[in-house]
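**Q** Listed here are the chains, written in short residue letters.
Number of protein chains: 2
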Amino acid sequence: MRNIRLMIEYDGTRYLGWQRLGDSDKTIQGKIENILTQMTRTKVEIIGSGRTDAGTHARGQIANFKTDSKMALSEMIEFLNRYLPQDIVVKNMEEVPERFHARYNAEGKKYSYYVWHEVIPSAFERNYSFHYSEKLDFDLMNEACHKMMGTHDFIGFSSLKKTKKSTTRTIDELSIQKEGSLIHFTFVGDGFLHKMVRILMGTLLEIGSGSMELEAIDEVFEHKVRSDAGMTVPAQGLFLDEVYYRE
Amino acid sequence: MRNIRLMIEYDGTRYLGWQRLGDSDKTIQGKIENILTQMTRTKVEIIGSGRTDAGTHARGQIANFKTDSKMALSEMIEFLNRYLPQDIVVKNMEEVPERFHARYNAEGKKYSYYVWHEVIPSAFERNYSFHYSEKLDFDLMNEACHKMMGTHDFIGFSSLKKTKKSTTRTIDELSIQKEGSLIHFTFVGDGFLHKMVRILMGTLLEIGSGSMELEAIDEVFEHKVRSDAGMTVPAQGLFLDEVYYRE
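Just so you know, the sequences run in chain order Y and R.
If you number the first sequence the way full-length UniProt numbering does, the last residue is 247 and the count never jumps.
If you number the second sequence the way full-length UniProt numbering does, the last residue is 247 and the count never jumps.
Each hint can be trusted.
Cβ-Cβ distance ranges computed for the label pairs, FRET-style:
#1 Y:Pro85 to R:Gly60: 26 to 36 Å
#2 R:Tyr245 to Y:Ser211: 39 to 49 Å
#3 Y:Arg14 to R:Ser24: 20 to 30 Å
#4 Y:Ser181 to R:Glu173: 21 to 31 Å
#5 Y:Asn3 to R:Leu21: 52 to 62 Å
#6 R:Glu118 to Y:Gln19: 27 to 37 Å
#7 R:Thr163 to Y:Gln38: 45 to 55 Å
The list that follows gives simulated cross-link-like pairs (lysine-lysine, DSS-like), each with its CA atoms no further than 25 Å apart:
#8 R:Lys135 to Y:Lys91
#9 Y:Lys224 to Y:Lys165
#10 Y:Lys178 to R:Lys178
#11 Y:Lys91 to R:Lys178
#12 R:Lys165 to R:Lys195
#13 Y:Lys135 to R:Lys91
#14 R:Lys165 to R:Lys224
#15 Y:Lys43 to Y:Lys66
#16 Y:Lys147 to Y:Lys195
#17 Y:Lys178 to R:Lys91
#18 Y:Lys195 to Y:Lys164
#19 Y:Lys195 to Y:Lys161
#20 R:Lys43 to R:Lys70
#21 R:Lys91 to R:Lys66
#22 R:Lys178 to R:Lys195
Simulated from the structure, these hints should not be mistaken for lab results.
Virtual Cβ for every residue (Gly too), placed ideally from N, Cα, C.
Given the sequences, and given the hints that come with them, work out the whole structure.
**A** As structure tokens, this is what we get:
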């Protein structure tokens, strides 16, 4: 069996998210599996590095699948990009060792979140950013980023209920860049719990706009209570940029 | 009567273009007029600086309308952006002298055209650029830009039939910039005939890829025959950036 790894870019606007839901035609995984199944004439299942929520985008989602097909990779990528909808694009494909598993082997991820920081909305950024026009204190937000970085139990910054699995994660980078009217937040870490980036983002914005204290972050780490953290910002500002694997 | 000038941004993807077509709900002008008519409770007609084709976008379309309404401009802009679809945004409004006419007074326009210059398409740029993967000679394209600049009869580079109106126009700037995988073409001139930017673009790309000679430009200026020029590139790569008026 060949093991094939794909890098996938998608505009999540029209989809219910990455993960296949029964026969629904409205997930990224489902769309790709359907085309691969047509292409190889045997049922194909793909393993993604992780799920993305409805409306969330990806510039570098990684997935793998196994197949007996003898088709050349260059033909496969052409076939996929011809038959996939235009908002899902396979950027590259490569053959990997049989043991490669896109989810289990993922050692880290990079996400971007964009805020459209103007009073007037943007016709072009509407599906790719969160429109937020409150005045923001960037010094305070940078301090908040520093508090969030490092190794912590992030369960209070997630939508998870109590679980036996570890909810400790390490954030290696959390930085803020102004790019014209957009504010670009970058998150790099060894893993992110469900909705963690979006709740950290909501907390950063509420601290920056003065509706939440900087110290609230310490309390969420200590008491692990979701309702002490900030709002969950909308999915459409979120991009999965990169998934890291050991070479 | 007050005369009010608007600057409008729109994502043209879902629309049949700027110009109202009967009762169709699928034009930018129609959408804005409907909301203004609701707002002022009298039938409003707006005058745009010019039409844009189906799928073409605008970052700075200018229009004006006359009204008896006493509503403050800040309330008007809020009303419009609340009820317009999210892909049409009024960026600003100001009161102008009664003689101001968005079309007759326009003295120039700036357009951008984007080419996604990669073999693999882009999920995000699909509606905002033309995917063209032929190898391009930028030196040749720059020479072609120089030939196109200046004052010429552009009828051969337009979709117009013979007309009594002048088809002479002046292009003041035509420049090419690489922005990552995108190629950004900028056109500034005193006016552009129907489809002129898209046909000049097609001609530039065919010269750049070697399927048309540089000298073809002189022949189109001389013989004024549309079929001697290049292809008409798709509307979705085209943006109306700015309309110029005398102060």
